[in-house]
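Visitor: Residue numbers (my numbering), protein chains in the order written: chain A, 202 to 536; chain B, 48 to 482.
Calculated directly from the structure, the hints in this document are not laboratory data. Any given hint could be a false lead.
[As the list claims (entries may be wrong)] Straight-line Cα separation of at most 30 Å, DSS-like style, residue types lysine-lysine; simulated pairs:
#1 B:Lys445 / A:Lys339
#2 B:Lys86 / B:Lys186
#3 A:Lys339 / B:Lys450
#4 B:Lys70 / B:Lys86
#5 A:Lys339 / B:Lys414
#6 B:Lys343 / A:Lys339
#7 A:Lys339 / B:Lys403
[Unchecked claim] Partial chain B-side listing against chain A, Cβ under 10 Å, derived:
#8 Leu67
#9 Glu250
#10 Arg254
#11 Ala374
The beta-carbon is built from N, C-alpha and C at its ideal position, and this holds for glycine as well.
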Amino acid sequence: MSASRANPADPAAPRPTATFPHRHLLGIEGLSAQDIQVLLDHSDRYVELNRAVEKKQSSLRGRTIINLFFENSTRTRTSFELAGKRLGADVINMSVATSSVKKGETLIDTAITLNAMHPDLLVVRHQDSGAVALLAQKVGCGVINGGDGSHEHPTQALLDALTIRRRKGRLEGLLVAICGDILHSRVARSNIHLLNTMGARVRLIAPPTLLPAYAERMGVEIYHDMRKGLTDVDIVMMLRLQMERFHGSFVPSTREYFHFYGLDHDKLSFAKSDALIMHPGPMNRGIEIDTEVADDIHRSVIHEQVEMGVAVRMACLELLAQHLPNWRGTTPPGM
Amino acid sequence: MARRRKLYTNARLLDPATGLDVKGALLTEGDRIVDLGPKLATSSSFAGDTEIIDCQGHCLCPGLIDMHVWLREPGAEHQETIATGARAAAAGGITSVVAMPNTDPVIDEVALVEFIARRAADTAVVRVLPAAAVTRGTKGEEMTELGLLAQAGAVAFTDGDRAIANARLMRRALSYASTFDLLLMQHCEEPSLAKGGVMNEGEVAARLGLAGIPAIAETILLERDIRLLEVTNGRLHASHLSTRDSFDAVRRAKLRGLRITAGAAPHNFSLNEYDVGDYRTFAKVKPPLRVEEDRKAVVDAIADGTIDVISSAHAPQDPESKRLPFAQAEFGIIGLETLLPLTLELYHNGSVPLLKLLACLTCNPAKLLKLESGRLAPGAPADLLVFDLDTPWRVDEKKFRSKAKNSPYDGRRVQGHALRTVVGGETVFQRKREG
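Assemble the whole structure, with the sequences as input and the hints as a guide.
Guide: What follows is the structure in structure tokens.
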């Protein structure tokens with residue numbers, strides 16, 4: 202494992218060496234450290250493959266992947282689409298028009314309809330917590346959660362972890378601050394589970410109105426002051442202020458929010474000098490993150506996160522595909 | 048033709064109103080109880096004109112009175128009707144149900160109260176007592192004709208699962224209702240605090256990424272209403288309470304002599320927030336399943352008499368309302384057929400004495416609703432329940448008489464069930480011997 206990190210340029214055989222014991226990837230909660238390790242190690246190999254000229258693989262040739270998105274998404278959907286295509290699968294994108302109750306009524310029907318078309322893997326994003334798990338009960342194929350409500354977004358947490366691991370060489374023992382709109386964030390929940398499982402220490406920094414009640418019971422330290430919270434951290438994860446999920450007033454104004462919780466050079470100076478800045482995107486520049494900080498090539502790994510996203514999703518698709526009938530194993534590229 | 052006189056022999060007579068718990072017999076004539084007691088003449092002296100019903104040593108108590116039932120008729124007959132709900136009630140040992148007014152249309156006019164009474168007389172095997180809305184359309188704006196509605200037969204007034212949020216209106220309703228000594232029943236939930244919430248605000252909601260209904264939403268509205276009681280001399284029943292703080296508030300109010308009573312539903316003393324598990328919509332209910340400490344507080348409050356009434360909060364939903372992502376699913380649990388065994392759990396696990404539990408299901412609600420039933424006494428209506436206290440069984444949703452199946456108890460092991468339910472002297476339910 203450490204060898205693959207030290208010398209990831211080994212694209213000759215990106216085949217799964219360990220198995221992933223789950224049929225679906227619905228969340229990080231419930232995965233063991235071993236499971237996460239397997240996913241990250243496997244992802245690592247695809248990073249180099251994705252940087253090569255010839256990116257095409259054939260391990261999922263003949264397989265059908267449906268990206269079923271009940272909620273708008275460009276980056277996650279594109280990332281999954283690329284991942285599937287690079288593994289040789291046929292990828293179909295379905296965006297289901299959204300209008301609150303209507304789509305909920307059609308969720309199970311949609312699942313049953315799609316199931317009848319015999320997809321091999323489904324990637325699902327839905328605006329309601331728990332909706333992807335509900336759908337997974339109704340289909341015969343493997344399901345990847347592409348984000349459900351405020352619950353989980355497992356591939357985002359995995360790509361964040363891969364980014365950190367490649368930069369810092371480890372996850373264990375790192376001090377990670379997750380800042381901003383924790384309440385509405387599925388990214389935060391998945392990251393908390395993952396980082397805790399892998400032995401990192403997690404701080405949440407947010408005004409109390411943007412923290413779920415009893416957040417402290419999730420095994421994290423809570424801060425309401427950015428400067429105190431950022432002190433000596435290795436990683437600064439910023440979250441998007443999810444104004445579309447705001448029912449009622451959570452912060453007085455975006456101006457006030459940026460003043461107290463927006464990441465700028467001054468607040469960042471409290472973190473370790475080599476602290477990395479992360480953001481799951483899309484960014485609200487000037488609301489949760491200062492443009493200069495976001496574009497600081499020495500500190501910001503925001504674009505790297507996007508790159509890792511494709512590798513992580515390839516790994517997830519391939520490891521889940523192992524559970525499909527007639528799995529023939531990975532064909533090394535160029536053969 | 049059935050004989051007018053019936054003798055229930057070989058029974059364990061349980062009358063919570065008087066504390067009676069004795070082996071004996073009970074005689075009814077027509078729709079009334081005539082006599083009861085350990086020394087009531089043996090069956091031989093009643094030969095001929097009297098039907099003998101051997102209770103085989105099982106318990107005989109007043110038929111249960113369920114103060115909180117949604118029957119969905121008129122308007123949502125695909126979920127439940129007065130007829131199906133009444134059959135389910137009979138199978139659960141319940142002889143009277145109070146029907147919530149949240150139907151379509153809302154029961155807020157005299158003609159509609161009469162409609163419920165008429166439909167009940169035509170189709171229901173148990174007594175269906177209409178509750179009328181406090182505000183027109185349960186919109187929380189304008190008071191209904193409380194006095195006329197009461198005259199038409201409304202036994203209580205409530206906006207059902209909607210809290211009366213406007214404090215001025217609530218004050219006036221309590222004040223006006225006191226003219227006729229009417230009972231107001233409040234769903235204690237401050238709407239602005241609970242808005243958008245789908246389960247208890249707490250650790251589980253935080254983990255599942257679901258919006259929470261905080262415990263204080265209940266306590267704040269309750270404490271407000273207690274203040275209003277002090278200045279109105281009204282009579283208030285807090286329908287379903289679920290938190291330790293709420294029970295403390297009720298205890299203090301009762302000590303001050305205010306006319307307040309409290310109710311609880313079985314799910315709030317038999318389940319906690321962990322039963323939501325991974326988004327089980329059958330466990331989505333109001334008040335929400337709370338933390339374990341609050342669940343225990345409900346049991347304590349029943350034991351010390353803070354809770355006067357246990358009612359099922361029977362809320363039928365069709366599968367399409369529950370087979371949805373958690374946030375979109377409807378609230379509600381059906382409970383008519385599990386009310387008795389779930390309540391008896393508290394007896395079997397030693398938490399509350401049997402007669403105290405039965406009081407919450409019989410004489411206490413009868414007193415609040417000013418009913419003659421709910422007790423075993425000569426002259427009282429022959430609304431009776433013969434039940435098996437001990438036999439273990441497993442809840443099976445396929446066997447529910449209710450049209451709806453939204454019960455989180457499917458598969459739960461319970462003890463005790465109704466054997467025979469008698470309304471006005473007539474047997475409306477008799478359990479067939481199973482297995």
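Visitor: Now, for every hint given, state plainly whether the structure supports it.
Guide: Status of the hints after comparison with the structure:
Annotation: proposed proximity of Lys445 (chain B) to Lys339 (chain A) holds, straight-line Cα distance about 21 Å (limit 30 Å). At most 30 Å may separate the alpha-carbon atoms for a hinted pair to count; Lys86 (chain B) and Lys186 (chain B) exceed this at roughly 55 Å. Among the hinted pairs, Lys339 (chain A) with Lys450 (chain B) is consistent with the structure: their alpha-carbon atoms are about 24 Å apart, no more than 30 Å. Taking the CA atoms of Lys70 (chain B) and Lys86 (chain B), the gap is about 9 Å. The hint holds against a cut of 30 Å.
Only pairs whose Cα atoms come within 30 Å are accepted, and Lys339 (chain A) paired with Lys414 (chain B) is rejected, the gap being roughly 50 Å. A hinted pair counts as satisfied when its Cα atoms are at most 30 Å apart, and Lys343 (chain B) with Lys339 (chain A) does not qualify at roughly 37 Å. For the given pair, Lys339 (chain A) sits about 46 Å from Lys403 (chain B) by alpha-carbon distance, which is inconsistent with the 30 Å threshold. Interface hint at Leu67 (chain B): violated, since its Cβ lies 47 Å from the closest Cβ of chain A, which is beyond the 10 Å cut-off.
Annotation: Glu250 (chain B) was flagged as interfacial toward chain A, and the flag holds, the nearest CB pair being 5 Å apart, inside 10 Å. The interface hint given for Arg254 (chain B) is met, as the beta carbon of that residue sits about 7 Å from the closest beta carbon of chain A, less than 10 Å. Taken as an interface hint, Ala374 (chain B) checks out: its beta carbon lies about 5 Å from the nearest beta carbon of chain A, inside 10 Å.
In terms of the numbered hints stated before, the structure departs from hints 2, 5, 6, 7 and 8, listed from lowest to highest.
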